[in-house]
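Engineer: Here is what each chain is made of, one letter per residue.
Protein chains: 2
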Amino acid sequence: MRRFFVDIGNLDQEIITLPVDESKHAAKVLRMRIGHQMELVNGKGVVFTGEITDDQPKAVEVRKVNLIEEKPDKHHIHIAIAPTKNNDRLEWFLEKATELGIHEITPILCSNSERKKIKPERLQKILVSAMKQSKRLFLPKLNQLTSIDDFLDKHPIGLIAHCYEEEDKNTSIQLELQKNANRWQSKNTPILIGPEGDFSLNEVKKALENGYQAVTLGKTRLRTETAGVYACMNVKLYFEEFFKAKH
Amino acid sequence: MRRFFVDIGNLDQEIITLPVDESKHAAKVLRMRIGHQMELVNGKGVVFTGEITDDQPKAVEVRKVNLIEEKPDKHHIHIAIAPTKNNDRLEWFLEKATELGIHEITPILCSNSERKKIKPERLQKILVSAMKQSKRLFLPKLNQLTSIDDFLDKHPIGLIAHCYEEEDKNTSIQLELQKNANRWQSKNTPILIGPEGDFSLNEVKKALENGYQAVTLGKTRLRTETAGVYACMNVKLYFEEFFKAKH
Chain W
1 MRRFFVDIGN LDQEIITLPV DESKHAAKVL RMRIGHQMEL VNGKGVVFTG
51 EITDDQPKAV EVRKVNLIEE KPDKHHIHIA IAPTKNNDRL EWFLEKATEL
101 GIHEITPILC SNSERKKIKP ERLQKILVSA MKQSKRLFLP KLNQLTSIDD
151 FLDKHPIGLI AHCYEEEDKN TSIQLELQKN ANRWQSKNTP ILIGPEGDFS
201 LNEVKKALEN GYQAVTLGKT RLRTETAGVY ACMNVKLYFE EFFKAKH
Chain B
1 MRRFFVDIGN LDQEIITLPV DESKHAAKVL RMRIGHQMEL VNGKGVVFTG
51 EITDDQPKAV EVRKVNLIEE KPDKHHIHIA IAPTKNNDRL EWFLEKATEL
101 GIHEITPILC SNSERKKIKP ERLQKILVSA MKQSKRLFLP KLNQLTSIDD
151 FLDKHPIGLI AHCYEEEDKN TSIQLELQKN ANRWQSKNTP ILIGPEGDFS
201 LNEVKKALEN GYQAVTLGKT RLRTETAGVY ACMNVKLYFE EFFKAKH
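If you read the protein sequences in the order shown, they are chains W and B. Residue numbering for the first sequence follows UniProt numbering, starting at 1 and increasing by one per position. Residue numbering for the second sequence follows UniProt numbering, starting at 1 and increasing by one per position.
No wet-lab data here; the hints were simulated from the structure. All values derive from a computational prediction rather than experimental measurement. Heads up, a few of these hints could be off.
A pair counts as met if it fits within one copy or between any two copies, since identical chains are not told apart.
[Stated by the list, open to error] For lysine to any residue, the following SDA-like pairs were computed, each having C-alpha atoms within a straight-line distance of at most 20 Å:
hint	residue 1	residue 2
1	K64	R33
2	K179	F242
3	K219	Y164
4	K135	Y164
5	K85	I126
6	K58	G35
7	K44	N10
8	K219	V47
9	K219	N42
10	K132	G45
11	K179	E240
12	K125	R89
13	K179	E241
14	K135	K219
15	K44	K64
16	K132	E22
Construct the entire structure; sequences and hints are all you get.
Structural biologist: Shown next, in the form of C-alpha cells:
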C-alpha cells in the first residue's frame with residue numbers, strides 16, 4: 001500500500017488531512033480517489049491505515065481503518081560525519097544509512113572540511129523518502145551542522161574512525177560493541193567519520209583525550225560516505241544478529 | 001603517491017610506458033615531469049613504484065624503483081545483481097563494492113528487470129577508479145550481463161536474497177558464513193540480489209531447487225544497490241574479523 005508522511009506527533013485521530021505536497025502527490029500524481037486506501041506514517045513509530053474520504057488535491061482527507069504502533073529500537077546509532085565535497089555523496093549516505101537503520105546524524109565541520117554548508121531541508125526530504133521506501137517507521141534525527149569542537153564538548157565519549165596509523169587503532173566497531181554493548185543501548189555513543197582529507201592531528205588528539213576510542217574500518221581505504229554506511233551496518237548487524245544470539 | 005593503472009599482466013620490467021589516457025592524465029593534467037615518482041598498478045596484486053624518465057604526453061615512460069606484490073584474498077566475494085533502473089545506482093554499487101573488497105560481479109537479467117542493457121566499458125572505468133582510490137591492488141572481475149537461468153546453470157549453489165516471506169529464510173549471510181566458511185574460501189558462492197520488482201516466484205523456485213539457500217538481509221527493506229553493498233560488507237566483515245578471530 002502507498003505510504004505518505006505526515007509530520008504529526010500523535011496519529012490517534014479518526015480523520016487526518018494530508019499536507020499540501022502529499023495531497024497533491026496522492027490526488028494529482030497518483031490519481032487516488034475517495035475509497036482508496038493508504039498508509040500514513042509520522043516517523044515516530046506509527047502506521048495509520050486509512051481510506052480517502054475527500055480527494056481534493058490540496059487537502060486529501062483520510063479516515064482511520066487501523067493503527068499500528070512499533071516500539072523504538074533499544075540501541076541508538078548516531079553517526080557524526082563531515083559533509084563530502086560532492087553533495088551527492090552526502091545524500092547517498094543519508095539514504096543508505098536510513099535504509100540501514102540509523103537513528104541520528106550530525107553533520108560536522110572539521111578543519112579539513114571542503115564543504116562548509118548544507119541544505120537541511122533537502123536532506124530532510126531525502127530522509128523522509130528513504131524512510132517511506134524502506135518501510136521504516138522511525139525518521140532519523142538530523143542535527144544542525146556542528147563544529148567538531150562543539151560536538152566533542154557535547155558528546156564526551158564515542159568512537160573515531162581516523163586514517164592515521166596508530167597503535168591504539170587495533171580495535172574495530174564490532175569489538176567495541178562486544179565490549180560495551182550496554183553503552184550503545186542506554187546512551188548515545190556517536191561514531192565520528194572525517195572529511196576527505198581526514199581529521200587533523202589536533203582533532204584526533206582532542207577526541208582521544210576526551211575519551212573517544214579510535215577504530216579501524218578494515219584493510220581498504222574507504223571514502224567518507226562509504227565509511228559512514230559501513231559504520232552504520234556494523235551496528236545494525238550487531239544488534240540484529242549477534243546481540244540477539246547472545247541474549 | 002599518485003597511482004596509475006596499466007593493463008599489463010606482468011609488471012616485472014625495468015621500464016613501463018603508460019597507455020595514452022594515463023599518460024595524458026600524468027603529463028598534461030597533473031603536469032608530472034621527468035624525475036617525478038608514481039605508482040603503477042595492474043589490478044593483479046602488484047604495485048610498481050617508478051620514476052618518470054620520459055614525460056611526453058602520449059607515452060610517459062617510468063623506470064622501476066621498487067616492486068611490491070600482495071597475495072590475493074583467500075575468500076571470494078561474488079555478487080550477481082540485477083542492474084537498477086536508474087543507472088547511477090548500479091554505478092554506486094560498483095564503486096562501493098570495490099572499496100569494500102568485492103572480487104567478482106555478474107549483472108543478471110531477471111524477468112522483472114527494468115534495465116536490460118549495461119555499458120561494460122563505463123562500468124569497467126568505475127571499477128578501475130575505485131580500485132585506485134581505495135588502494136586495493138586487485139581489480140574486481142566484471143562478467144557479462146547474463147540471464148538468471150544461465151547463471152543458475154553455471155553456478156549451482158549460492159545464496160539468494162529475495163523479499164518473499166518464506167519459512168526457509170530465517171538464516172542470514174553471517175549464519176551461512178559461519179556454517180560453511182570453507183565453501184567461501186575454496187569455491188565460488190555467489191549471492192544473488194534481485195531487481196526493484198524482486199525475483200519472480202519461478203526464479204526463486206528454480207534457485208532453491210538448484211541448491212541455493214534463501215537469506216534475509218535484516219528488518220528493513222533495502223534497495224537493490226543497498227542490498228548488494230550490505231551483502232558485500234557482511235562477507236568482508238566476516239573474513240576480516242570473525243574468521244580471523246576463530247583461526
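Engineer: Which of the stated hints cannot be reconciled with the structure, identified by number in ascending sequence?
Structural biologist: none
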